[in-house]
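Go by the hints and put chain W onto chain H.
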Amino acid sequence: MFRTRPEATGATVAVTVEGHEIRVPEGASAAAAMLLAGFSSTRESSIGGVPRGPYCLMGVCFDCLAEIDGVPNRQGCMVTVAPGMAIRRQHGKRAAGVE
Amino acid sequence: MTAGRVDFAVVGAGPAGMAAAVLAAELGLDTVLIDEQDAPGGQIYRAVERAGDALPLGADYLAGSGLAAALRASAVRYRPGATVWHIDPDGTLSFVSAGASEAIRARRVLLATGALERPAPISGWTLPGVMTAGAAQVLLKTGDIVPAGRTVLAGQGPLLWLVAAQLIRAGAPPAALLETAPHRNYHAALRLLPRAAWPARRALLKGLALIREVKRAGIPIRREVAGLRALGRGRVEAVAWDGGEIPADLLLLHEGVIPNVQISLALGLEHRWDEAQLCWRPTVDPWGATDLPAVAIAGDGGGIAGAEAAALTGRLAALDAAAFVDKLAPAERDRRAGTLRRALRRELAIRPLLDRLYRPAPAVLVPADDIVACRCEEVTVGQIRRAARLGAPGPNQAKAFTRCGMGPCQGRICGTIVSAVMADTLGKPIAEIGAYRPRAPYKPITLGVLAATAQP
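Protein chains in written order, with my numbering: chain H, 22 to 120; chain W, 3 to 458.
In short, the hints are calculated from the structure, not lab data.
Don't be surprised by glycine CBs; every beta carbon is placed ideally from N, CA and C.
For each label pair, taking beta carbons as the anchor points, the in silico distance ranges come out as:
(1) V71/H - R225/W: 28 to 34 angstroms
(2) R225/W - I68/H: 34 to 40 angstroms
(3) G101/W - G40/H: 23 to 29 angstroms
(4) G31/H - P446/W: 29 to 35 angstroms
(5) A228/W - R24/H: 29 to 35 angstroms
Quick partial rundown of chain H residues pointing at chain W, CB under 8 angstroms, derived from the structure:
(6) M79
(7) N94
(8) T101
With the rest of the complex left out, here is chain H:
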């Protein structure tokens, strides 16, 4: 759905999306990394469990919520990629766990 322009000359950063390594432009967001990795749907919604993807990419809509480095519910568009960052899709809302 998205690609980096061939004219892009900036440095890239290696991150993983759902466990697969991908190099993305330095300065891009975690949500952008998910789109570049081919995920148009980046989570399942918490009410209907239906696929959702980023909508605004500027911190307003919260539709790009993702699990980043083990922390769920982060706005993927507001987190800049860093080397080795592990980005995962978020599946609905969490159920309270009983140990």
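Just chain W, lined up with the frame of chain H:
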């Protein structure tokens, strides 16, 4: 936790915030600039310091690098990567930075939180692959990233044409541009043209050049598109409208921009419904001052006027802050404001025409009953109507009935829609129905951060 004290705290590092902070520091105010992003620029000048191949983005974008450079060279204490989650009426700001909460008490706080794209609620707008035009622009600015498949741009407003031109220049031309402006908008705007033509000539010529650029590239353009909807299973596969359909991998929607009033509403400041721009707008005086002495507003957050005007209102607010903290005599403040106000009048000359030409169609504010209004809690327009009929007098009561506006975005997306739908259902003016009253934390923070903030 004791709060550090400053003269002036600015929230948001877009054109208004950068210009305000830099001027305030020059005037001798101890100034802090808090911004959620990693680098200055806001959305309009996002990542302007690292613009590599900026050819697709254009000269207006690169103009922001001057403000960013001035900020870097200034005495402003710039705090990037910091999210404001609460502001007290006395000017105490609480914000999260590097996983910990801090507080600063400012004699004057300036909200320069800018604009957001007006939500464009159509059937299927929650499908993956339906995004805003601004989202595509963010990808281009921050990573030279462009759409790879068939892109359809739909809606109206200057940004729609700008993004179309930028995608063409970036080698990713859209498959089609669908303009939703009704024909009557052109007629009504034409009547405003004689008054705007000379004072707004530069903006008008720029706009016409953009439209010409898109046409020259051979992009199929459809005007007066109504009944727009996104179709697909699990993701967008086609875009349909009354009388047509086109396959699509990405649908970029745009219906103009509205002020980001999340913090000003949470502070309980007075807002009025702007009938020309169809949005909530805080009541401010010509300096951006509000009914709270410790809080002022500059830039698009106080009413949509564009980046150039935002820098000017930012500087006006800085002059007023300097007078407020006794670092500038009121007479000198007024004298220095003269040039700024003249420039501001020039910038505002195009507004009545743009507001009329790109006035959203009624269905943008009051969509059909089966369309999702609140994306977070998946509440439809019909459910909000039902809550209104059951006795909910306004958006804050509709929350309790339906959970609309109670998701993570806290009504940022559905706010205007819910107010407009309830007004339509109850046969009252939107101004009377009112707006959501958002609460702190303005953005979600973890319990760990909150616990670490608490005093023993």
